[in-house]
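FYI, the numbering for the sequence shown is 15 to 135, going by our numbering.
If you are wondering where the hints come from, they were derived from the structure by calculation, not from laboratory data. Among the clues, some could well be false.
[To be verified] Derived DSSO-like pairs: lysine-lysine, alpha-carbon spacing no greater than 30 Å straight-line:
#1 Lys28 / Lys107
#2 Lys34 / Lys85
#3 Lys39 / Lys56
[Unchecked claim] Between beta-carbon pairs, the in silico distance windows are:
#4 Glu113 / Thr86: 38 to 48 Å
#5 Lys104 / Gly41: 10 to 20 Å
#6 Glu129 / Lys85: 24 to 34 Å
#7 Thr86 / Gly120: 30 to 40 Å
#8 Glu31 / Val100: 21 to 31 Å
#9 Met62 / Gly127: 32 to 42 Å
#10 Lys85 / Asp59: 37 to 47 Å
#11 Asn119 / Thr86: 34 to 44 Å
#12 Pro112 / Gly73: 22 to 32 Å
#13 Ala66 / Pro128: 27 to 37 Å
Here the structure is a predicted model, which is why all the values come from computation and not from measurement. All residues carry an ideal CB built from backbone N, CA and C; glycine is no exception.
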Amino acid sequence: MVDNFMNKFGGAEKLWERIKQYAAKGGREATRMMLELYYVLKSPDTSMGNKALIAAALGYQLLPTDLLSTKTFGVLGLLDNAAALVFVYKKVKSLVTPEIRWQVNGVHEQWFGPEVEMVEP
15 MVDNFMNKFG GAEKLWERIK QYAAKGGREA TRMMLELYYV LKSPDTSMGN
65 KALIAAALGY QLLPTDLLST KTFGVLGLLD NAAALVFVYK KVKSLVTPEI
115 RWQVNGVHEQ WFGPEVEMVE P
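My request is simple: use the sequences and hints to build the entire structure.
Encoded structure:
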């Protein structure tokens, strides 16, 4: 199933490139969520049911067509994408292992630079 999903995007490398393109628009936190979902999807410990949910949520983010187009529906077109991600993420976030967090942090730093803490004066 994971292979079929990734093949829809031309394989794992193409899916990775699509997530990277999304990162440029989606911002730091949305990208973190997508990366965590991506790595949970690839994990052999993830059930097929959870993999199906993740595949649907990632597919909805990355496919060129939406149920609610941003062009037509404006902000609602963004909210439906965010809702899909958040719903699935909340369902599977317990599957995000320390190893997955480590992988995501490494990619995150490459794409966005080191995380800077804001300190109040």
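For each hint, the structure was consulted:
Simply put, Lys28 and Lys107 have alpha-carbon atoms about 24 Å apart, close enough for the 30 Å limit, and the pair holds. With a CA separation close to 22 Å, the supplied pair Lys34 and Lys85 stays within the 30 Å bound. Straight-line distance between C-alpha atoms of Lys39 and Lys56 comes to about 24 Å, which keeps the hinted pair within the 30 Å bound. The hinted range of 38 to 48 Å is satisfied by Glu113 and Thr86, whose Cβ atoms lie roughly 41 Å apart.
A hinted range of 10 to 20 Å for the beta carbons of Lys104 and Gly41 is consistent with their spacing of about 19 Å. Restraint check, Glu129 to Lys85: a C-beta distance of roughly 33 Å satisfies the suggested window 24 to 34 Å. Checked against the given bound of 30 to 40 Å, the beta carbons of Thr86 and Gly120, roughly 38 Å apart, stay inside it. Under the hint 21 to 31 Å, the C-beta atoms of Glu31 and Val100, about 24 Å apart, fit the expected range.
One distance hint, 32 to 42 Å for the beta-carbon pair Met62 and Gly127, holds here, with the actual separation near 36 Å. Between Lys85 and Asp59 the C-beta distance comes to about 39 Å, which sits within the given range of 37 to 47 Å. The hinted range of 34 to 44 Å is satisfied by Asn119 and Thr86, whose Cβ atoms lie roughly 37 Å apart. Distance hint check for Pro112 and Gly73: the Cβ-Cβ separation is about 27 Å, which falls inside the suggested range of 22 to 32 Å.
For Ala66 paired with Pro128, a C-beta distance near 35 Å keeps the hint of 27 to 37 Å intact.
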